[in-house]
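Peer 1: Given next are the chains, with one letter for each unit.
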Amino acid sequence: MKLKFLALTLIALAFAAAATTASAQLTATANHDHITVDFFYHGSTVSVRGVSDPETDLVIKISSPEGHQTLRQKGKVGGLLWMNVGKLTFEHVPNLYFLHSTKNLTEMLSNEELNKYVLGYSALESHAEVAPVSGASEKNKWFDEFVKMKEASKVYATSSGKISTTAKDGLQEYYVLMDWPYQASPGEYTVSVYAVKGNKVVEQAESKVTVEQVGVVKSLAGMAKQSAAVYGIISIIAALGAGFGVGLIFRKGGGAH
Amino acid sequence: MYLYLPVALTSINVLIPVGLGLAVGLLSGLFGVGGGFLMTPLLIMFGIPSTVAAATDSNQIVAASTSGTYAHWKVGNVDFKMGLYLLLGGFIGGLIGVQGIKLLNAMGNADFVIKMTYVLMLGIVGIYMFFESLQSMKKKDVEASKPAKESVVGKFLKSLPLQTHFEKSGVTHSALVPVVFGGFVGVLAAVMGVGGGFLMVPVMVYILRMPMHVVVGTSLFQILFNCIEVTFLQAYTNHSVDFILAVLLLIGSTFGAQVGAVFGRKLKGDQLKIILAVIVLLVTVKIVFDLTLSPSLLLSMGGGH
Numbered sequence: 001m002k003l004k005f006l007a008l009t010l011i012a013l014a015f016a017a018a019a020t021t022a023s024a025q026l027t028a029t030a031n032h033d034h035i036t037v038d039f040f041y042h043g044s045t046v047s048v049r050g051v052s053d054p055e056t057d058l059v060i061k062i063s064s065p066e067g068h069q070t071l072r073q074k075g076k077v078g079g080l081l082w083m084n085v086g087k088l089t090f091e092h093v094p095n096l097y098f099l100h101s102t103k104n105l106t107e108m109l110s111n112e113e114l115n116k117y118v119l120g121y122s123a124l125e126s127h128a129e130v131a132p133v134s135g136a137s138e139k140n141k142w143f144d145e146f147v148k149m150k151e152a153s154k155v156y157a158t159s160s161g162k163i164s165t166t167a168k169d170g171l172q173e174y175y176v177l178m179d180w181p182y183q184a185s186p187g188e189y190t191v192s193v194y195a196v197k198g199n200k201v202v203e204q205a206e207s208k209v210t211v212e213q214v215g216v217v218k219s220l221a222g223m224a225k226q227s228a229a230v231y232g233i234i235s236i237i238a239a240l241g242a243g244f245g246v247g248l249i250f251r252k253g254g255g256a257h
Numbered sequence: 001m002y003l004y005l006p007v008a009l010t011s012i013n014v015l016i017p018v019g020l021g022l023a024v025g026l027l028s029g030l031f032g033v034g035g036g037f038l039m040t041p042l043l044i045m046f047g048i049p050s051t052v053a054a055a056t057d058s059n060q061i062v063a064a065s066t067s068g069t070y071a072h073w074k075v076g077n078v079d080f081k082m083g084l085y086l087l088l089g090g091f092i093g094g095l096i097g098v099q100g101i102k103l104l105n106a107m108g109n110a111d112f113v114i115k116m117t118y119v120l121m122l123g124i125v126g127i128y129m130f131f132e133s134l135q136s137m138k139k140k141d142v143e144a145s146k147p148a149k150e151s152v153v154g155k156f157l158k159s160l161p162l163q164t165h166f167e168k169s170g171v172t173h174s175a176l177v178p179v180v181f182g183g184f185v186g187v188l189a190a191v192m193g194v195g196g197g198f199l200m201v202p203v204m205v206y207i208l209r210m211p212m213h214v215v216v217g218t219s220l221f222q223i224l225f226n227c228i229e230v231t232f233l234q235a236y237t238n239h240s241v242d243f244i245l246a247v248l249l250l251i252g253s254t255f256g257a258q259v260g261a262v263f264g265r266k267l268k269g270d271q272l273k274i275i276l277a278v279i280v281l282l283v284t285v286k287i288v289f290d291l292t293l294s295p296s297l298l299l300s301m302g303g304g305h
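Here the protein sequences line up with chains E and R, keeping their order. Anchor point for the first sequence: position 163 equals 163 in the working numbering, and the numbering is continuous, going up by one each time. Anchor point for the second sequence: position 192 equals 192 in the working numbering, and the numbering is continuous, going up by one each time.
Hints were generated in silico from the structure; no laboratory data involved. Among the clues, some could well be false.
[What the hints assert, rightly or not] Think about it this way: if two alpha-carbon atoms lie no more than 25 Å apart in a straight line, the pair counts; the simulated SDA-like pairs of lysine to any residue are:
no. : chain 1 : residue 1 : chain 2 : residue 2
1   : R       : Lys-74    : R       : His-165
2   : E       : Lys-208   : E       : His-68
3   : E       : Lys-148   : E       : Lys-218
4   : R       : Lys-102   : E       : Lys-154
5   : E       : Lys-87    : R       : Tyr-2
6   : R       : Lys-286   : E       : Ile-35
7   : E       : Lys-154   : R       : Tyr-2
8   : E       : Lys-87    : R       : Asp-290
9   : E       : Lys-76    : R       : Ile-114
10  : E       : Lys-87    : R       : Lys-266
11  : E       : Lys-154   : R       : Asn-105
12  : E       : Lys-76    : R       : Lys-74
13  : R       : Lys-102   : R       : Phe-80
14  : E       : Lys-154   : R       : Ile-44
15  : E       : Lys-74    : R       : Ala-106
16  : E       : Lys-139   : E       : Glu-173
17  : E       : Lys-74    : R       : Tyr-2
18  : E       : Lys-197   : E       : Asn-104
19  : E       : Lys-74    : R       : Val-113
20  : E       : Lys-218   : E       : Ser-64
21  : R       : Lys-102   : E       : Lys-197
22  : E       : Lys-87    : R       : Ile-101
23  : E       : Lys-74    : R       : Val-285
24  : E       : Lys-154   : R       : Leu-42
25  : E       : Lys-87    : R       : His-165
26  : E       : Lys-74    : R       : Lys-74
27  : E       : Lys-148   : R       : Ala-106
28  : E       : Lys-103   : E       : Ala-152
[As the list claims (entries may be wrong)] In silico contact screen, one side only, chain E against chain R (beta carbon under 8 Å); selected entries:
no. : residue
29  : His-42
30  : Gln-183
31  : Ser-185
32  : Gly-187
33  : Ala-229
34  : Tyr-231
35  : Phe-250
Quick reminder that beta carbons are idealized off the backbone N, C-alpha and C, glycines included.
Let the hints inform the model, and build the full structure from the sequences given.
Peer 2: Right, dumping it as structure tokens:
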């Protein structure tokens with residue numbers, strides 16, 4: 001009995017070792033993982049590259065930590081006038097969500113897998129909570145509006161077929177380059193790469209992208225929050241000084257009376 | 001060239017705020033309005049969050065109105081005494097208005113009341129100023145030969161206590177008149193979330209009967225103090241003043257205000273009034289369009305009106 005158990009354990013360990021070898025193939029590196037926001041920052045680019053098993057499809061997701069967002073909701077009043085009619089709260093939604101895949105998500109993965117890894121807008125909608133809404137169709141309507149707003153701000157985007165792959169040394173090298181919008185606020189973003197085979201995620205690798213304010217931008221943003229009174233007074237004095245200064249320039253310039 | 005705005009958390013082509021500042025500063029120097037009713041929506045249109053747009057606009061109005069007040073003061077067009085009474089009223093009115101907004105928010109129909117107040121006030125002021133200045137331009141010669149007729153309202157205002165002479169404006173009123181009307185504008189300005197220059201100018205012209213050129217200088221003087229208060233409160237409580245954006249705006253607006261003041265002196269009072277009326281009416285039409293046409297996005301970030 002003991003020998004039988006030992007044999008089974010050894011077989012299981014051998015299978016596990018083989019699986020680890022396979023899963024160790026997926027790598028992910030973001031080339032521009034520390035984006036500095038200085039005075040002249042106008043967005044950046046981020047590329048993600050790595051290697052994977054040659055027979056796998058890939059999904060690359062970049063997202064900020066999940067949180068809640070309260071947005072103003074427009075509606076028609078009296079059947080005629082468009083105005084803000086209330087507020088909607090979106091829970092468990094990231095501020096930034098980029099998703100690139102080698103094929104259409106629905107061709108690659110089952111709904112269960114999509115929902116499990118929150119891949120694609122439909123999965124994100126299932127994952128998110130929207131309140132107050134009366135039912136599923138209303139949730140769907142307002143989640144579509146949410147995505148529309150985020151896409152307009154360039155912080156949500158999805159694409160398929162944008163990832164380029166090449167075979168090398170029996171492995172698959174992949175690469176994707178994307179614009180990083182200046183609208184993405186400072187913080188840490190997670191790059192998750194999923195290798196897909198047989199409608200399932202078989203491997204996963206992660207990397208990080210950090211966006212950080214530096215120099216004058218960091219000092220001013222910090223001062224606006226931490227020394228708000230001083231910041232307010234400096235803003236006023238600067239405005240008064242500029243107003244008088246320009247007034248004096250015009251007087252010296254012989255402003256006509 | 002693009003610059004990153006540390007509080008607005010966005011990047012902007014520097015020519016946009018400098019150009020906007022120049023245009024709105026020109027209007028400020030010409031008509032004595034702060035221009036918030038134009039600048040704030042324009043900044044939002046260029047991707048600035050609404051709370052930052054409103055707060056930073058107040059900061060740049062401090063610069064534009066300092067520049068404009070200084071330009072008008074040099075030629076004796078600021079009635080400081082009247083300005084102080086209006087400021088007192090405006091301050092009290094502002095406090096009442098802020099409480100009013102809290103009440104409306106609690107009742108859940110603040111946005112409707114704010115939008116309607118905006119359309120009605122701008123519409124009424126624009127239409128009245130337009131036709132009044134048009135008529136007075138036509139009848140100038142006839143009126144010049146006739147002595148001014150005192151209206152019922154005028155007689156009532158004269159009967160009030162605390163009569164005092166405002167030398168610079170050449171008018172005599174009860175001290176209560178500018179305080180009460182200043183207060184009225186203060187309430188509306190707080191409800192609408194604007195400085196109220198476009199309301200204060202008609203009050204000074206039609207109710208206080210001040211000469212148009214003194215109206216412009218005096219209006220800028222009281223706008224300056226209002227905006228100092230608003231800038232500080234916005235920076236202190238909401239952290240929403242973007243210093244870099246304000247500097248870019250004020251580079252344009254301070255020059256614009258000086259040029260406006262020089263141009264203004266070359267135009268007649270009625271000409272100034274009719275141009276201001278047309279601008280106010282155009283803004284009204286734009287707001288009506290915004291209210292009736294389907295918006296491209298049904299969700300927006302919070303803050304502002």
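Peer 1: State for each hint whether it applies.
Peer 2: Hint check results:
no. : hint                     : in the structure
1   : R:Lys-74 with R:His-165  : holds (22 Å)
2   : E:Lys-208 with E:His-68  : holds (22 Å)
3   : E:Lys-148 with E:Lys-218 : violated (30 Å)
4   : R:Lys-102 with E:Lys-154 : violated (34 Å)
5   : E:Lys-87 with R:Tyr-2    : violated (33 Å)
6   : R:Lys-286 with E:Ile-35  : violated (40 Å)
7   : E:Lys-154 with R:Tyr-2   : holds (18 Å)
8   : E:Lys-87 with R:Asp-290  : holds (20 Å)
9   : E:Lys-76 with R:Ile-114  : holds (15 Å)
10  : E:Lys-87 with R:Lys-266  : violated (50 Å)
11  : E:Lys-154 with R:Asn-105 : violated (31 Å)
12  : E:Lys-76 with R:Lys-74   : violated (50 Å)
13  : R:Lys-102 with R:Phe-80  : violated (33 Å)
14  : E:Lys-154 with R:Ile-44  : holds (16 Å)
15  : E:Lys-74 with R:Ala-106  : holds (18 Å)
16  : E:Lys-139 with E:Glu-173 : violated (40 Å)
17  : E:Lys-74 with R:Tyr-2    : violated (32 Å)
18  : E:Lys-197 with E:Asn-104 : holds (14 Å)
19  : E:Lys-74 with R:Val-113  : holds (15 Å)
20  : E:Lys-218 with E:Ser-64  : holds (20 Å)
21  : R:Lys-102 with E:Lys-197 : violated (57 Å)
22  : E:Lys-87 with R:Ile-101  : holds (17 Å)
23  : E:Lys-74 with R:Val-285  : holds (20 Å)
24  : E:Lys-154 with R:Leu-42  : holds (20 Å)
25  : E:Lys-87 with R:His-165  : violated (51 Å)
26  : E:Lys-74 with R:Lys-74   : violated (48 Å)
27  : E:Lys-148 with R:Ala-106 : violated (30 Å)
28  : E:Lys-103 with E:Ala-152 : holds (24 Å)
29  : His-42                   : holds (4 Å)
30  : Gln-183                  : holds (6 Å)
31  : Ser-185                  : holds (5 Å)
32  : Gly-187                  : violated (11 Å)
33  : Ala-229                  : holds (5 Å)
34  : Tyr-231                  : holds (5 Å)
35  : Phe-250                  : holds (4 Å)
In summary, the structure is inconsistent with hints 3, 4, 5, 6, 10, 11, 12, 13, 16, 17, 21, 25, 26, 27, 32 from the numbered list given earlier, while agreeing with the others.
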